[in-house]
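A.B. asks: Residue numbers (this note's numbering), protein chains in the order written: chain A, 1 to 341; chain B, 342 to 682; chain C, 683 to 981.
Derived from the structure by calculation, the hints contain no laboratory data. Mixed in with the good hints there might be a few duds.
30 Å max Cα-Cα, derived DSBU-like pairs, lysine-lysine [what the hints assert, rightly or not]:
no.	chain 1	residue 1	chain 2	residue 2
1	A	K17	A	K28
2	B	K628	A	K265
3	B	K635	A	K146
4	B	K658	A	K146
5	B	K397	A	K277
6	B	K397	B	K369
7	B	K612	A	K207
8	B	K628	A	K249
9	A	K146	B	K612
10	B	K564	A	K277
11	C	K867	B	K382
12	B	K451	C	K867
13	A	K28	C	K705
14	B	K369	C	K867
15	A	K207	B	K397
16	B	K612	A	K249
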Amino acid sequence: MVEGDEMSHLLEVSNLKTHFSTEAGLVKAVDGISYYIDELEIIGLVGESGCGKSVSQLSTMQLIPTPPGEIVGGEVIFEGRDLLKYPAHGPEMRSVRGAKIAMVFQEPMTSLNPVMTICRQISETLELHLGMNRETARERSIELLKLVGIPSAESRIDDYPHQFSGGMRQRVMIAMALSCNPRILVADEPTTALDVTTQAQLLELMKDMVDHFRASLVVVTHNLGVVARYAQRIYVMYAGRIVEAGTTKDIFARPRHPYTMGLLKCVPRLDEERGRKLVPIVGLPPNLVNMPTTCAFLPRCPYSIDRCRQEPWPPLKQLHDQHYVACYANMEEKVGELNAK
Amino acid sequence: MLLAMPIWRKRLVNSTQNNIVLDVSNLKMYFPVTRGLLKHKIADVKAVDDVSFKVKRGETLGLVGESGCGKTTTGRCILRLYDPTAGRILFEGLDISRVSERKIRPLRRKMALIFQDPYGSLDPRQSAGSIVGEPLLVHHMVTTKGEYEERIEQLFRIVGLDPSMVDRVPHEFSGGQRQRIGVARALACEPSLIICDEPISALDVSIQAQIINLLEELQAGLKGLTYLFIAHDLSVVRHISNRVAVMYLGRIVEITSSEELYSNPMHPYTKALLSAVPIADPFVEEKRERIILKGEVPSPLNPPPGCSFHPRCAYAKPECSQIIPPLHDIGGGHEVACHQI
Amino acid sequence: MSESRETVIQEFIEAPPRVSAWKRFITVFFGRRIVIFGMIILIGLMITAIFANWLAPYDPYLQDLDNVKASPSTEHLLGTDTLGRDTLSRIIYGSRTSLIVGFVAIFFAATVGMTLGLVAGYFGGWTYSVIMRVIDALMAFPMILLALTIAALLGGGLRNIVIALGISMIPPYARLMCGQALHIKENDYVVAAHAIGAGNWRVMLRHIAPNAFPPLIVLMTMMIGAAILAEAGLSFLGIGIDPPGAAWGAMVSEGYRYLLTVPVLSFAPGIAIMLVVFAFNMVGDGLRDALDPRLRGTL
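Excised from the complex, chain A in its bound form:
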């Protein structure tokens, strides 16, 4: 378990497990992850598709469809209470979702209700959570739209989602998420569906907003550049578990898990020498159905030792400071030698 100091964190997740029963078998989408986030922090949850990063965030808010999914274990401590103890559709969860912990999704077209005006959609949240009346909610909505940089907010407030471009819609999503002044904003691959320059705009906006509202931000992404730019601490996920955790600078300067190292070596960088041959990670992403008990990265790992084949998945061990790695080779300090690029 990754613990910072003994001080209480804004949100602390311990040993969260979410499973899905599918046609092909049991999928352990999230298989025991622990992380925390403090006030005014930006953390990154990094991993490729299928690693469980999105599911983990949905789990903290109990947004997992049950069936086929089920949160089978762990704790989500927020404001001194374990959120998982409350019923998924109960009043406690509803008071947290959208108001205290808000989420911005990847696909703005499907997260916005196409038959409701933007005004209704934002006002609804305000009326529900903050008890505002119609006029106040409307005014606040217009303010929020201005804040996120939508031009002519007063007239656009009554438009429908399809009348906005992709970037604009995402701004509306951000406005909605921030409307009740949440403590934590979770951005789930918020810019993958957008152009590069729009991505840059939106990420800067989110950072500004989070500063403005004094909230914390969880950025869930597969883009290492994005976390390098914005996150203070990152958690690297693979096959439902956290394999490496630490401050951004430490992890990029001294990546220790073979997966993290592999990711960094296989991505072309805009500022590197041309002609560097990319070093791909061999093999295929893991098949999450009926995974073996050994380390999920083993088939693709160039540093594996005998212990990796014999023992179950390694636990996260502290290396130094806040840097944690889940790797036997690391513990035997083999990786250190091979890490010298």
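Given the coordinates of chain A, work out where chains B and C should sit on it, guided by the hints.
C.D. replies: Leaving out everything else, chains B and C in the frame of chain A:
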């Protein structure tokens, strides 16, 4: 594996006097917007608006830009999947811009296309072998069944797929493997030009590197194989291309070698684009200058007059909104379309 | 180069598990009991039609004028009709008529309809407009009227009924296939086929048609039920099969006058029609679910 290729490889280095495989001049592709029963035209979507470039044999030209810039349409025009509105396309010296479909068909074996979507680009009801072998049948490149199967097996090996999977259908392969099938299909008839239309954006990061490496190896091994690499990911384009053309709203705004593009970008849009790409290194990111553009990419239905970038440009002067800047050479093959340079 | 070989082998080992499409189809198709029930009825129908000679206790044309309109008894399990013919035997032989009408009419309608739809959807433009307008006109024409017209022109009888039904059933196939073609045309693999240099017919027959089939197969099964029902309706009106041919609709018509006295004369064929149409619909339902592309894929 590549070195073990037989005689057919030599056929590629055939005698075309021209070293220029592709010569595009003033290409325009307008899509009419119609209304009413009689399809009365009310406007044009100027997807490609006066685009010119040359590609040398064996080189890779990257075409980069955001949504609506016309890069995909350019690629499809070159393959005559659309009929260009105006302009000239010389493929290996032959003008293919206005020729009939019947005349183009035999040429199609020399130019191939790799798609973005590894799921949609393969017929779900065809076996992998049959997909790869179809071009052979269409162009009567093989005479016996034995030859056909042998060639398919060879193609599978070249792209790194196990030939025993010839009878499997697409959904039995992973995304990266499907993309390899697409590459094998493109190689089937020994093309001189392969247009890669966002070939890796739909793949996981760790798999992207595998495909990039594959494409590079192929080009190194198959003398004379030329790529037109269309993508929005600048880091990847810079890595794989010799020269890069940046497109904005249907026009090329800058074209130069990849090194020069990164070390000395001239066009304001190029600079903004480069700045928007996050680099996986927090130390570098800290020090980078961030150019955040205002506004959004305008719709191709209604492009701004003059230089289409002027509304978002920090250096715009009155002439920028009146006259379309032509591409002019500023030295060493570096061309920019901007009045202020 | 050895590294590449290893990559190949590793990829083979770790390829996603091979989920048999057939197995999944069977699981979903036979998943609902009502579908199984429908299949049983259909199989029963096939057997009855094929082995009618052996199953029928009497010759369906054999008249027994001493024994008209008899109630069900041990000799005649469903009684006899107005000419003393055994009802049960007539029903058994009638299954042949129904099946022939159903299958042939649908086969004809489907073949013509799908071809027209494919061509219209693929080429678009004027081809589409012309073909679709013709189909619309055909659809507007009431089937009964069409059947009557053909009967008037060519005479009655089974063959002409099948033609009439076949023609009147073209529109749904044409429209569905056209819609499918328009949709499938947009897929990258169709563009890929063009890019390879495949000709129009190759693209249409090799790429579009096979992918368009699933909903069409479902449509076919369901419309067989409709065809049988339509034939029954036509025979009821007296247009269909000529007496003394055994056809369920005709039997219902003949027995209709005696509904209160000898109800079995109409009810027996009526129930047969109902069961068969129901069975075809259930099987069509099952097929549609089993062929659902959303169920495709390993996970």
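A.B. asks: Would you list, in rising numerical order, the hints stated earlier that this structure does not obey?
C.D. replies: Failing hint: just 15.
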